[in-house]
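Q: Here is what each chain is made of, one letter per residue.
Protein chains: 2
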Amino acid sequence: VQDIAQRPAAAAKLATIRRWDQDDPLRAFRDRFELPPGKVYLDGNSLGALSTDARERLDHVTRAEWGQSLIESWNTHDWFGAPERIGAKLARLLGAQPDEVIVCDTTSINLFKLIRTALALRPDRAVILSEPGNFPTDLYVIEGAIAGDGARELRLETPERLIDAIDSRTALVLLTHVHYKTAAMHDVHAIMKRAHEHGALVLWDLSHSAGAVELDLDAARADMAVGCGYKYLNGGPGAPAFLYLHRMHHNAASSPLCGWMGHARPFDFTDHYEPAAGMRRYLCGTPSALSLAPLEASIEMLLAAGMQRLAAKSRTLTQLFIDLVADSATLAGLRLATPADPARRGSHVSYAHAEGFAIMSALIAQGVIGDFRAPDILRFGFTPLYTRYEDVWTAVRKLEHVIATDDWKRPEFARRCSVT
Amino acid sequence: VQDIAQRPAAAAKLATIRRWDQDDPLRAFRDRFELPPGKVYLDGNSLGALSTDARERLDHVTRAEWGQSLIESWNTHDWFGAPERIGAKLARLLGAQPDEVIVCDTTSINLFKLIRTALALRPDRAVILSEPGNFPTDLYVIEGAIAGDGARELRLETPERLIDAIDSRTALVLLTHVHYKTAAMHDVHAIMKRAHEHGALVLWDLSHSAGAVELDLDAARADMAVGCGYKYLNGGPGAPAFLYLHRMHHNAASSPLCGWMGHARPFDFTDHYEPAAGMRRYLCGTPSALSLAPLEASIEMLLAAGMQRLAAKSRTLTQLFIDLVADSATLAGLRLATPADPARRGSHVSYAHAEGFAIMSALIAQGVIGDFRAPDILRFGFTPLYTRYEDVWTAVRKLEHVIATDDWKRPEFARRCSVT
Chain A
15 VQDIAQRPAA AAKLATIRRW DQDDPLRAFR DRFELPPGKV YLDGNSLGAL
65 STDARERLDH VTRAEWGQSL IESWNTHDWF GAPERIGAKL ARLLGAQPDE
115 VIVCDTTSIN LFKLIRTALA LRPDRAVILS EPGNFPTDLY VIEGAIAGDG
165 ARELRLETPE RLIDAIDSRT ALVLLTHVHY KTAAMHDVHA IMKRAHEHGA
215 LVLWDLSHSA GAVELDLDAA RADMAVGCGY KYLNGGPGAP AFLYLHRMHH
265 NAASSPLCGW MGHARPFDFT DHYEPAAGMR RYLCGTPSAL SLAPLEASIE
315 MLLAAGMQRL AAKSRTLTQL FIDLVADSAT LAGLRLATPA DPARRGSHVS
365 YAHAEGFAIM SALIAQGVIG DFRAPDILRF GFTPLYTRYE DVWTAVRKLE
415 HVIATDDWKR PEFARRCSVT
Chain B
15 VQDIAQRPAA AAKLATIRRW DQDDPLRAFR DRFELPPGKV YLDGNSLGAL
65 STDARERLDH VTRAEWGQSL IESWNTHDWF GAPERIGAKL ARLLGAQPDE
115 VIVCDTTSIN LFKLIRTALA LRPDRAVILS EPGNFPTDLY VIEGAIAGDG
165 ARELRLETPE RLIDAIDSRT ALVLLTHVHY KTAAMHDVHA IMKRAHEHGA
215 LVLWDLSHSA GAVELDLDAA RADMAVGCGY KYLNGGPGAP AFLYLHRMHH
265 NAASSPLCGW MGHARPFDFT DHYEPAAGMR RYLCGTPSAL SLAPLEASIE
315 MLLAAGMQRL AAKSRTLTQL FIDLVADSAT LAGLRLATPA DPARRGSHVS
365 YAHAEGFAIM SALIAQGVIG DFRAPDILRF GFTPLYTRYE DVWTAVRKLE
415 HVIATDDWKR PEFARRCSVT
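Read top to bottom, the protein sequences are chains A and B.
For the first sequence, the numbering used here begins at 15 and goes up steadily by one.
For the second sequence, the numbering used here begins at 15 and goes up steadily by one.
No lab work stands behind these hints, which were simulated from the structure alone.
No residue lacks a Cβ here, since even glycine has one placed at the ideal position from N, Cα and C.
Where hints are given, some of them may not hold.
One side of the interface only, derived from the structure: several residues of chain A facing chain B at Cβ under 7 Å [to be verified]: (1) 121; (2) 123; (3) 271; (4) 273; (5) 274; (6) 300; (7) 302; (8) 304; (9) 305.
Make a model of the complete structure from these sequences and hints.
A: Written out as structure tokens, the structure is:
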């Protein structure tokens, strides 16, 4: 397994970098992605790429299952079991037990379910703690979950002050494990330890973690987690999200979104709700068999690659990018906004630059696809399953070109448009 | 346009029925569905069939948009606008304004959003009114939406008593327009009139109505509606659902599920939620571009067919089935559980029979796909876009065979399995 031992002195030479790609144990996975030719795609942290595996699984579910087996597919192709079956596979990437993860709905909706579960488990505690600048939906959903409840409040503390702010008034700490802008990674064990000392629950948003960094939710006795299926999990645009709940909390509370698929016996069609045991009570409406299909195939690829190898390559990719940028005098105006310590960051690298939007626009026009986050962050995501070391080298060379030639000052790059 | 003028005397002759198919103005749509050969599919009220239009749209979004344009598709292929764009198309099938409908999430989740919206609009009223035996998720979601709120109660009244039960204590009436078991259709105008006289809001579940019967939500001044995308709308298993809110209620309340896609400016990434204007505030998480694709293509087919022609054919199909069964002495043991008046029913026909499960199982083994609803209901759904009159004839002849030969008494048909 390659790791961060390789340093810029070697990295600066393209021949060396190409040898890394040849020696990469994950190399064969690249060929299973249908990437646009001639482009370097560094935005898998926002939307993961299409693999042949995912496309063929979706084709099969569409043509053979929906098309030919129709309604019978709920049983014969186990569409009913898909949320748990895929959850059990995903659990292996998260360091969780198979029955602690279920795949359904969106990250935002799953946040709502678990925030309300946490408040039910801590009825006498007033405070939900998070950090300013957390991914917006995490904060917005807290606002919605406590709206009209005068006994609860959302309190935002900076990462430096956050751990000490956890106390006996804290019902829930809600943090994004890897920050969507900076890639800074929270110390799960340290926060869990403090939280457990004070009886607080912790809900982790793993949207920028799952499939990119090693996780061990059970060992950390993490209470709850959610995350999205369309970033490093490569499940497709708007893929179903997931939620995790540690066994110690199973059946202790139920979801406020109690739809029929979360019922103990949905096909009895009774008038009163009775939650299913375990994670199925966190289902709500009818699962999307179509959008679950590519996600399942994609998770199987990640399992075949192995989380340890994926995480190691992620660290090498991000370190190579950081080192190549650091070696370039042309790029001295970019300020690294990501932790320099690979153990403290996720799988993307961010730089601050006042003209970040125009620079990223010009770079995209050169075929290197990263993204921009207001007000000044350029983001580059590195997906170990399909990003090559040579892609990193190419991206830095094109970034140098855009800066060195003042290409980014062309007026067509000044206009804002939104990217997710 | 054919309508219910055709009666069993003519219908009993297969040659006549075949002529109806030849003269059917919707005949060409049948060829655009990829139905399993040799089967008669009468369960489009549970899962609509796959059309070539839907499959090709999904293929395009998968291969070209996700695969090649990747993250840029949010803008260049307007994935962001899809929930409103598809909503505007669907609005024409519902008799709504284009800006009153949005497509997202599931029926259950959309019920939660609108129930809570209704309670916010009627803060001083205690009662949510529905009917016993309503589709379970409607009742379950009400329970979840008022859990812990001592000031609210769910009250169930039979259809006969329901209209008189609407009074000044009623915050919301929540009804499924076409009943999932019996196909009985509520009188929207009568209920809206009574509700408006007493200041109550009404939320319609249109899951068994949209694409099957004519609706005129705006003319009825219907307050709210939800419905599912995978029945007569043919959007695919677990397709996104929809919600409708009359303009008179726009911006008066917001969704309790306030995720980032419902924010006024999601890409400002602010710490505080500010709801978008109009229907976008009812979005929550990231839309599923993949599962929206086949739904959009399917809705376009329905628009091309025309809601009036679809509804007329629906009435003829259901009447033909009822008449053929009534003409058969062999089928005298089946009790019609659907209104005999075509103006009072949706697009499926149900019969009660104590051995319904085994009879339906045996019929499915004969290639006629209907479904069963506990405890004793056989359901047959007729989708005007792809069901032929001859399919109706074939289904009745096979049903006669199953009963006449006691085929249904074979032991393999006695075992229960769930179908949705």
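Q: Taking the hints in turn, state whether each one holds.
A: Hint by hint, here is what the structure shows:
no., hint, in the structure
1, 121, "holds (6 Å)"
2, 123, "holds (6 Å)"
3, 271, "holds (6 Å)"
4, 273, "holds (3 Å)"
5, 274, "holds (4 Å)"
6, 300, "holds (5 Å)"
7, 302, "holds (3 Å)"
8, 304, "holds (5 Å)"
9, 305, "holds (5 Å)"
Violated hints are absent here; each numbered hint is respected by the structure.
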